[in-house]
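J.: These are the residues of each chain, in order.
There are 2 protein chains.
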Amino acid sequence: MTRPGIDDIEAARAVYQPLTQSVRTLIDTLVRTEVDLDSARAAHAHIRKALDLLGEKVMPGSFGTCSDLQQRGEPWGNVVIGLRNPMALPLNIVDDSPGQVSADMHVGAAYEGPPGHVHGGVCSLVLDHVLSAAAYQPGRPVYTGTLQITYVRPTPLGELRAEAWVEHEAGRKTYVRGRLVSEGHTTVKAQGIFIRPVD
Amino acid sequence: MTRPGIDDIEAARAVYQPLTQSVRTLIDTLVRTEVDLDSARAAHAHIRKALDLLGEKVMPGSFGTCSDLQQRGEPWGNVVIGLRNPMALPLNIVDDSPGQVSADMHVGAAYEGPPGHVHGGVCSLVLDHVLSAAAYQPGRPVYTGTLQITYVRPTPLGELRAEAWVEHEAGRKTYVRGRLVSEGHTTVKAQGIFIRPVD
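Residue numbers (the numbering used here), protein chains in the order written: chain A, 1 to 199; chain B, 1 to 199.
By construction, these hints were calculated from the structure, which means they are not laboratory data. Any given hint might turn out to be false.
Okay, the calculated bits of chain A under chain B, using three or more residues with CB under 8 Å as the criterion [claimed, not checked]:
1) 7-15
2) 20-28
3) 37-44
4) 77-90
5) 93-100
6) 114-123
Using C-beta positions, here's what the derived DEER-type ranges look like [unchecked claim]:
7) B:Pro138 / A:Pro197: 43 to 51 Å
8) A:Gly61 / B:Pro197: 19 to 27 Å
9) B:Asp104 / A:His185: 33 to 41 Å
10) B:Asp68 / A:Gly171: 51 to 59 Å
11) B:Leu37 / A:Arg140: 34 to 42 Å
12) B:Glu56 / A:Asp95: 35 to 43 Å
For each residue, glycine too, the CB sits at the ideal point set by N, CA and C.
Could you build the full structure based on these sequences and the hints that come with them?
T.: Here it is in structure tokens:
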């Protein structure tokens, strides 16, 4: 699953970051557009052309990792933080202090569950990733063992903050808590146990 | 949040279902493409044109609901099942028996977390939705109270099955269990408590 290196990472970034952002905007716009059906059909023709161009040579399977990117801690295909994945919010995780992280994000129309609100499963997706990030230490990867999500109140679409912090460690287990905050209110709480594989 | 009705739902469906599928393929292709940067730039130009067309008239906020679609139980903007949301797998949930549902799906490169595997948060997103569907009864909506996810083993990208079933009910609470199954193995288990709002 490790891909060959990328010749010029910065040149690739300069093309793929804005391209991915445009597709991200396209997703949001497709959900919200109110143009007539003829305009939608014309847009579809352009998307087919983009697909023809990008689809001419496609790697099998998934993006996986590439040694150059892995060294930089940049999984470009990742669904939550990937530079080349338009489904990624993307989440920009900040290390606030050892074992404590946060991320401020805008969650738009494409993440809707109940009308006007973030899908509960998207809340758990974000919390899974942020709690993992709090448990992570360089050179010591962890995987999620269990995750418990408590929905305190509905989470409105819009500006959202995720926070996570390590409570304690015991052997190979790291106990982490976290929450989502919307307009000063905690909307979802989480606790997770993250496990370090045996060396 | 309830939108005005759609003049001709079937005409809209005939345009938006294939358009959304093309954007879904575009997301997957953007993650996996290996074309040169000039081709990627040319694809970007087409995507900008599609955006110009679709962005000419956009509803504020999110898709929310529309009375015609709500009657049919079709939230077109929903991130997991929405006809107009290319982030949706989409999940096609089947009622196997009262209180028991399942969904077979293909989870592609765009849902990657660990290389070659489904992001743990995507597993929880799918389980949240499928457990909710098991708890749902017509005219009796529920919201997720708590959700507990246990990761048994990594979930490979590819064909995946989600199952959920009601264990028991107590007052306004419905206790539900579920799991993800990949190639005959349970990879993730879930249990949730779903709550019916006071009438």
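J.: Now tell me, hint by hint, if it's right for this structure.
T.: Hint-by-hint comparison with the structure:
1. Coverage of a stretch by a chain is defined here by at least three residues with a beta carbon nearer than 8 Å to that chain's beta carbons; for the region 7-15 of chain A and chain B the count is 3, and the condition holds.
2. Interface restraint, the region 20-28 of chain A with chain B: holds (6 residues with C-beta to C-beta distance below 8 Å; minimum three).
3. Residues of the region 37-44 of chain A with a Cβ under 8 Å from some Cβ of chain B number 7, which satisfies the need for three, so the listed coverage holds.
4. Judged by the Cβ-Cβ criterion of 8 Å, the region 77-90 of chain A is covered by chain B as claimed, because 9 of its residues qualify and three suffice.
5. For the region 93-100 of chain A, the assignment as covered by chain B is violated, since 0 residues bring a beta-carbon within under 8 Å of that chain's beta-carbons and 3 are needed.
6. Counting residues of the region 114-123 of chain A whose CB falls under 8 Å from any CB of chain B gives 7; the rule of at least 3 is met.
7. A hinted range of 43 to 51 Å holds for the C-beta pair Pro138 (chain B) and Pro197 (chain A), which are about 46 Å apart.
8. At roughly 44 Å, the beta-carbon separation of Gly61 (chain A) and Pro197 (chain B) lies outside the given 19 to 27 Å, and the hint is violated.
9. Between Asp104 (chain B) and His185 (chain A), the C-beta spacing of about 38 Å keeps the proposed range 33 to 41 Å intact.
10. A beta carbon spacing of about 56 Å between Asp68 (chain B) and Gly171 (chain A) agrees with the range 51 to 59 Å that was offered as a hint.
11. Checked against the given bound of 34 to 42 Å, the beta carbons of Leu37 (chain B) and Arg140 (chain A), roughly 36 Å apart, stay inside it.
12. At roughly 42 Å, the beta-carbon separation of Glu56 (chain B) and Asp95 (chain A) lies within the given 35 to 43 Å, and the hint holds.
In terms of the numbered hints stated before, the structure departs from hints 5 and 8, listed from lowest to highest.
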